[in-house]
Amino acid sequence: MDLRKPTNDETFHFIQGGGEMGALTRSFNWAETPLGPPDQWEQSLRTTLGIVLHSAFPMFLFWGDDLICFYNDAFRPSLGADGKHPALGKKGRDVWPEIWDFIGPLLQKVMTSGEPVWFQDQLVPFFRNGRIEDIYWTFSYSPVYDDRGRINGVFVTCTETTSKVLVFNQLHDSERRFQNLVADATVGIIVLTGTDMIVEIVNDAYGQLIGRSREDLLGKPLFSIIPETEPHFRSIHEKVRTTGEPVFLSEQPYFVFVDGEKKEGFLNLVYQPYRGGDGSVQGVMTLCQDVTPQVIAKLKMEETVDGRTRELATANRHLQRSNAELAQFAYIASHDLQEPVRKVATFTQMLEADLGETTERQRHYLAKIKNASSRMLLLIRDVLAFSQLSRDSDLVRYTDLGVIIENIVDDLELLIEQKYATVTYGKLPVVEAAPLQMSQLFGNLISNALKFTRVDCDPEISISVQALGQDALSAYPMLDNRCTYYHIQVSDNGIGFDQHYAEQIFEIFQRLHGKKEFEGTGIGLAMCKKILQNHHGHIYATSEEGQGATFHILIPENQSCFADSSTL
Amino acid sequence: MLYQKILLIDDDEDDQEIFLTALECTKKPVSCTVLDSARKALNQIAQGELETDLIFLDLNMPLMNGQQFLTEIKKDEKLRQIPVIILSTSSNAATVSQVKQLGARYFFTKPGRFEDLVAILEKVLM
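Chains as they are written, first to last, in the working numbering: chain A, 951 to 1518; chain B, 66 to 191.
In isolation and in its complexed conformation, chain B is listed as follows:
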């Protein structure tokens, strides 16, 4: 089991609910923290208040967007080791290319089918 403590950063409550339900469906023994703000997440991780070994990150969020969060976390020698998976509404190729350059491990467009999200999580948490 590669990952045990995962973090979801998404300001959309519906998507938080969908994500947690899909995670439940995978029956993977992981603990998941949900935060609705990238800034809050960055602070907590940087100050050691929050430990995580995998981050699911939304892009379009107020105050600090996903790209800014990614940029910040890659600046820190230790934190940059944490893999980041983008889970965004966007499917814009330019955005995909941008976040990959910023160091995102994978990019997934939030799927329209629930099963697809479950499949994604199963594959990632394998």
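Chain A on its own, in the form it takes in the complex:
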């Protein structure tokens, strides 16, 4: 059958053309329908059907008591494949059973009242494409009058808006998700637009920060609601809006008045340009995180640390004062004590000399007094010297140890002569040290060597020095391998000592011999140890009983590499 060319031009002169539906309408066997053959159709039906079939807009026509269906090519795609098409000539109720509950009453209403109805984006799901589909329509139903002036049909213009509605729904969903995101966010979010800074978007979290509800804020200029924040925050907004550059602020203090009461805290803030569809900056989006508890905790902690530091500084000052007082006490006590003791000793000796003939008992008592007083004098002098080691009176400077030793040998000349001793030393280094303490160090060591001598040979004391190499340095973990050290050895050929006591001899008041054998207080070597500690060095001794002793001094060339931990 040729659908393009009407077969019955005589019958269908009112519908020429009309595309596929025109052809179908012409070829349809209308004689078997309640409408009867087309040549008997009323003029109004013919006219309306002509409009329908010739329209490029989707149209549908229900006609007669059975609401027989007509539609055009434009409507045809809405019926899909495997669906109702061709519905031409069928009764409305038979074509649209799944939606008859909805459209049946509507058609009835139009036919009885003569009032048109109009729906926009109305969901009307029906069967097409092999299943019931959700289809959205914008449509109108209008009454059609027959030749006798009675409403005998309903003219439907309609357009399917499913894709438009679906896109709209997606947009709406997306918008809702965005709204939820903003609304549910735990950080405060606010979007201000325009130079008036109108609140366009705001969430509850932001409202809570400033003690206002969203409704209080939306659509209003922000600074009309919280003017107290304007002096500080307006310029930031303006800067972001004009430059388009974000601004980040941490732990920013802020305050607002809520019902006359000041509410204050600290915020971390991010200001970002808020751009419109064309990419231009239309406003500023601000994210605010309340960090008040953290900042307060931090401030408290800093306050605590400050407090502790002050307490520590105070304690330190007290300690320093107490140390200084103690040293001062030791100095004064020992200084003033030695005066009367010295006199007791001296006058006892003078008394003894003056007595001439004495009994053995008298001599015994005099000896006791002399021994006790001279021993006390020694003790006091050594305590005095030891107490002065920690005083800061002696500054560190480059000190020629050769000169120091020369002076000591000079001072000890009498004793050296008496003992028939020899002291030999080569070239000694210049080191950064406290000269007086160096004198005390070598003075003590040489005096010891002159004291602990053997009766069977003349004392020989030798002093030698060598630079301490890196390999040798690694054997002394107490030294700092970044510094240059000298290893100075003071050796004698005296009585020596058992190596077992090598450490003990450096402890204060430790003695290896009876007071009768050798004079001494047990302070000299303790002083030597303290002096080396003061100079970041080390001292130790090696010996064998009866074989002489060697005192090893490890002293850094410079004190400057210990600048951070000076104890001098």
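Check each hint, because a few of them may be wrong.
So the derived list for chain A, only partly shown, Cβ under 7 Å to chain B, looks like this [stated by the list, open to error]:
#1 R1292
#2 S1324
#3 R1325
What the hints contain is simulated information worked out from the structure, not anything from laboratory work.
Glycine included, each C-beta is placed from N, C-alpha and C at the ideal position.
Once you have looked at the hints, place chain B on chain A.
Relative to chain A, chain B alone:
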């Protein structure tokens, strides 16, 4: 015999007595003047009332201490030639260093043993 007229400046009477006794023990033929004030000594020497060729000087004295006396006497071209020996209770190394810089010839801590003082004087007056 190097020295004949010596001067002891010490405010402590006990120490004056000990010094003179020790000097006696050396049997050296020297005359000794004892003054208990550095200021008095400085005045007398400066005005030529007192002649001396060796001074034994204590340090810790009222009004003018040994260091001040030493400083003053070293200012005078003629008087600075007189050797000064410090005889002090102190054995403080800082003090020793200080007075040596001020020009003291020797420094002795007042010894605890009488014989040591005699030995010192014998050596110095040799």
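Checklist line | Per-residue hint verdict: S1324/A, partner chain B, C-beta under 7 Å | finding: At 5 Å from the nearest chain B Cβ, S1324/A passes the 7 Å test, so the hint holds.
Item checked: Interface restraint verdict for R1292/A against chain B (beta-carbon cut-off 7 Å) -> holds, 5 Å
Margin query: Take the shortest C-beta to C-beta distance between R1325/A and chain B; is it under 7 Å?
Written below: Hint violated; R1325/A Cβ to chain B Cβ min 9 Å, cut 7 Å.
Hint 3 from the earlier list is the only one contradicted by this structure; the remaining hints agree with it.
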